[in-house]
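Got chain A; can you put chain B on it based on the hints?
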Amino acid sequence: MEAIRQSAEERYASELAALQADDPYPRPPGWRLSPRRVETFILGSERPVGGVAIASKYVGDRALVQVAIATLASDRALLLVGEPGTGKSRLSEHLAAAVSGTSDLMIQGTAGTTEDQIKYSWNYALLLAQGPSEGAIVKSPLYRGMETGRLARIEEITRILPEVQDALISVLSEKSVAIPELGRALHAARGFNVIATANTRDRGVNEMSTALRRRFNFVTLPVLRDLDTEMEVVERRVRELQTDYDVRAEVPRDVVRILTTLFQELRDGRTRDGRTKVPSPSGVLSTADLIGVLFHGAILAQQFGAARVTAEEAARSLVGAVGKEKPEDLRLLREYVETVVPARGEPEWRAFHAAASRVLREGT
Amino acid sequence: MRIFPIRHHSPASALLLERSIEADPPRRILVEGPSDADALIPVLLDEGTEPPVAILAWRPGGPTAIYPFAPYSPEYVALRAAKRLAIPARFFDIPASTAMDRPESETAPADLEREICARLGYGSYEEFWEASFEAGGMDAETFARLFLDYARLMRKEPGRIPELDRLREAFMAREIAREPVDGTLVVCGAFHAAALADGEADPAAAPEPGPRAEVAVIPYSFARLSEQAGYGAGNRAPRFYQRVHGEGGDFRRASLATVLDLSARLRERGWGGGTADAIDAYRLARSLGAMRGRSAPGLDEVREAATACLLQGNPAPLRDLLGESAIGRETGRVASRLARSPLQDEFYAEARRFALPIVDEPRVVKAGREASAFLHRLKIAEIPYATLVGEKWRVRWTPATDAALLRRIEMGATLREVCGRVIESRLPAARSAGQAAELAWDAGAADLPDVLARAIARCADLAAEDRDLHSLAVAARRIGDDALRRAILARALLLLPEAARVSDDGASAVCEALRVLAGSPGFDEAFRRVLRDELAHPRAAGLALALLRRSMSDDERLSELSFRLSADPSAARFLEGFLSAGWRTLIRDRELVSLLDRFIESMGMDRFLKVLPVLRRAFSNLTPAEARRLVERVVEVRSGATTLPSRKAEAETAESLALAIREAERTELAAFVPLRLDPVPVRCDRFEDLLAIRDRYIFPFAVMDYCARASVEEMRRTRDRLWSDSSAAPLVVAALRKRPDTLAIVEDPPLAPIAARTAVELCRARPDSERVLRRLAAGPLPVCRWAEEALAERGSPAQREAYRHRCETLLREHDDDVRSARRAEDPRDRAAAVARLRDPLFVPVLREAARDPDESVRNEAALSLAFAGDDSLVEEWMAHRRVHLLAILGAEIPGRMP
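Heads up: the sequence lines are chains A and B, in that order. With the numbering used here applied, the first sequence covers 14 to 377. With the numbering used here applied, the second sequence covers 3 to 900.
For reference, chain A alone in the conformation it holds in the complex (with noise of 0.2 angstroms):
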């Protein structure tokens, strides 16, 4: 059976296979690229290697990208920080592919994720009938990183409430769960870290303990401020949903800059040429409510249109999600779309004030 969405290891399967096959450097163990392969997947290559075109996987400083991988070589773990739609989620992923060759090792953090969740729990059945054994653990997805000595990850850290955190302050620090029912320890194979994400917006980590925050070195991954770089990662997710969900419609460029552009310009309050202000609403404004639009345009023009996203699509998409916290912020937009869009003159920008007035009349 085809799944919806491929994992990165899958998707990249062949990128991987060549960078194996050609990685002159070192590698810490348990690792099965060296940091300098694990960049070079992370960020693309130029130049095929052994014959393999490596896409960017992340647009963005490559600095930032060298410490994370650095830290997952060291003592502490590695948290990845950013608004959502910074790429936090798919950096991670992308890392864990590279360095342990799955990403599959995951646990999503909520708030109602469990010490047990974290660590291991029982199988029930087993439990009673044969009491403590090794067969009766349910081992999670840490737990199975530790064992085979890869990386696992930890989604939405900030989520889990501060206790169960705590959890990790010992896996993190001595590398080795007590597993006291059994009378022994799992203590860590090498290569095993822990990647962990955490978003802005949510409950901010300086609710983590401080014990725990100081196992972690922090990489804050930066809203993307600079226009074209924007459009150039919203196209690519953009694709990236069409492919796996089979949404075929056109997402044409201009739809993207004009989307691209006013999302910049409500989060600044400004508009890119700094002469006018602009109302900036409270609810949220990242890349990946940008991408979420342009991808429901897809589907609308897919559905309902002409298999090609137009201002219609777009303005209804955009509006549908900003009005969907505060009606506050529709007004706002209205401001925006009567005040700042007339003043431009191109074809691309009426035809959006056409279909964004009327939409926004009709209150859809």
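Read the hints as simulated data drawn from the structure, not as lab findings. The model shown is predicted, which means the values in this text are computed figures rather than measured ones. For each residue, glycine too, the CB sits at the ideal point set by N, CA and C. You may find that some hints are simply not true.
[As the list claims (entries may be wrong)] Between beta-carbon pairs, the in silico distance windows are:
id	chain 1	residue 1	chain 2	residue 2	range
1	B	Asp743	A	Asp129	31 to 37 angstroms
2	A	Arg261	B	Glu270	58 to 64 angstroms
3	A	Arg252	B	Leu812	39 to 45 angstroms
4	B	Thr811	A	Glu253	38 to 44 angstroms
5	B	Pro386	A	Asp35	44 to 50 angstroms
6	B	Gly139	A	Glu59	28 to 34 angstroms
What follows is chain B alone, placed relative to chain A:
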């Protein structure tokens, strides 16, 4: 002849060069440096001189050239070693007098360098250089050989060698050949070294020296050194590279020292992290270095590792600290008994007398009358040191200060003389009263009475015929002489009505003049004429109206305002002018506020909407404090009394804020006065105040304070409403977690369902809450389910399993309901099924049902969701069918806070 290639300001070059000289002392050393500054070598090497220093060369009134030396500059190190070993040494580059007439062209494009970096995987040339040469761990001979080869490669790139470089190399070759000495050591940049070594330079092409230039050694600073573009290496972080130099070229030790220094500085500022963290940071820096192919970590690695390890990924605090730690504040010193000009002597003596700092970083000082006159003189003489900011001076010594002092000597031997000459030379050029008055003001400030008298006379002459309003206004503001001032004002008022008829371009100047003229004798007559003149610029007219203040009755002003704002095309600009009278003035002036308030009230909706953009723009310029003051003013004007506590009150009370906000909301002003209040600690005693400030961002502070202080009875009274509020609930949990009597507030069920969820969260955070949880677990849905879940969490594995089992049973039992809620054909069946699913377990199904095409199903879903404790839809539904829902829900679902 031996040639040692160096990179300027490179500690590795310096160290290896020094070793090479010591191992095999040459008989003569030729150093890259301006050959007409040879006489300054003893000054450079004097015991009283401490680098960083620079050789400054200039021609009076002409160009300059500057040659900085750091303590670790190879050229400086070579000269010092020569002195120590008694080897004759001199400069052999083209004279400064020749170089200064041939400004250096932009360095040719370095495609080759980029290509090399890209191929080896370095992000920048600096990285490449540091990894390959600076921290390469080579011996002197290998370094010289490899670096020379590298330079040869660079020279092969077409178009790479600038014309000036060819001339310099020719000159150097000629100097070497001039008096050949066996055992000569040539020390120069690798690029030139390659040309000299390969005999590429043609001595015959050496340029003729230009006219003689003055040269002197001046103090320099690390801060300036780090700004010098085009050299790289040691420049960007002089202190760091000095450390490297001090550690004998060992980047590891220098990096470790820098990390430790940084972590100590961070601790001082409250960023945690002890030595263990610093060591972790250093380790990370090393592995980063290794990843980049370096033998030891450098500054970039230190910065990135410190950000990740010590600062939780936030680089902001490093910006300043790294500056201190890596660039350094050191300023150099030049032996005072040598080579100082009288102006330098005066400057340093006066600076000492007035205790003015000589450091290369901005400091703010207050100056007395005499010190102020001294600083003004420096300003007039264009010696960069002090700028006037308000009533204080911002001072900063830079090498440019000394450079300017040296150059000004042609204008006079004392600052007084120099300033007198500067002003006198400008007086004849003054073409308007304003310009002359500026000069008079300068002369007064610099305490130069004779020059002042001449400037006033010149101003009086010019004022009599000056027809430029702006110039007259400037003159009126600047001139100290009373009689002359009165005359100028009178003349300006006479010209005003005519002058106010300008286009948009001239309006700012007219407005500026209006401000100066306001309040002078007879101004009101002239201002009225501007106001009534249809040809006058509307902004000027608006400002005139605002400035007329008490010279006009309220009614008269209101009708003027009303009248002018009804004239469509100019209304916006008129209002802009009116409001530009300055918020301070406006806020202070009760009548003006009242006028504005009445005007806004009197507008119909259509007018209001039209004026709104202008108002909004004008009001958005308010600071939070001003906005608050304005609202207070409006309240005050309306109620006729001061109702708000003064700003002096220690902490804001939620009560006063609530009052301010309630009042503000009653006035139309609130529609566009953004109440952005400072995030101060807020005191809040009354729950009702919380309701009033629900949407303001001080709300969290108030909630925290309220929860920390309210009595148990008070909390019981308000808990259902406060705890049900989604934005308050997390704050409540945080604030109450540590209160000893919290459980007493929860102890007495029933609570409203959503408030109960907060209660369960609270209990989760406290180990002593088991009893309360059990009670909650005995209550109705959905409270019992959350409580059970919380109990199971802290229970034994068996209890947890039991809970899981119970949930599964429930899910199984309602399997049919879930199916019919989703798929039953008849909406009535779907609605009935939905009504049976009132448990938190079914929230996902209920959410689906809330989008059902049938309205009765949607209604039922909202209701069931409310019972399941998910209030997300309640609000929406309340809006549409308030009565219906409220009637059904009764007390079970609390009203959300407004």
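(message) 39 to 45 angstroms was suggested as the range; check whether the CB atoms of A:Arg252 and B:Leu812 agree with it.
(response) 44 angstroms, holds
(request) Go ahead and decide if the range 31 to 37 angstroms is satisfied by the Cβ distance of B:Asp743 to A:Asp129. (result) At roughly 33 angstroms between Cβ atoms, A:Asp129 and B:Asp743 fall inside 31 to 37 angstroms, so the hint holds.
(request) With respect to the beta-carbon atoms only, verify the hint that A:Arg261 and B:Glu270 lie 58 to 64 angstroms apart. (result) Given range 58 to 64 angstroms: holds, Cβ gap about 59 angstroms.
(message) Quick check: does the Cβ-Cβ distance between B:Gly139 and A:Glu59 fall within 28 to 34 angstroms?
(response) The hinted range 28 to 34 angstroms holds for B:Gly139 and A:Glu59, with Cβ atoms some 30 angstroms apart.
(request) Kindly confirm whether 38 to 44 angstroms is satisfied by the beta carbon distance between B:Thr811 and A:Glu253. (result) 42 angstroms, holds
(request) Confirm or reject the claim that B:Pro386 and A:Asp35 have a C-beta distance inside 44 to 50 angstroms. (result) Violated - the Cβ-Cβ distance for B:Pro386 and A:Asp35, about 57 angstroms, lies outside 44 to 50 angstroms.
Hint 5 from the list above is the single one not met by this structure.
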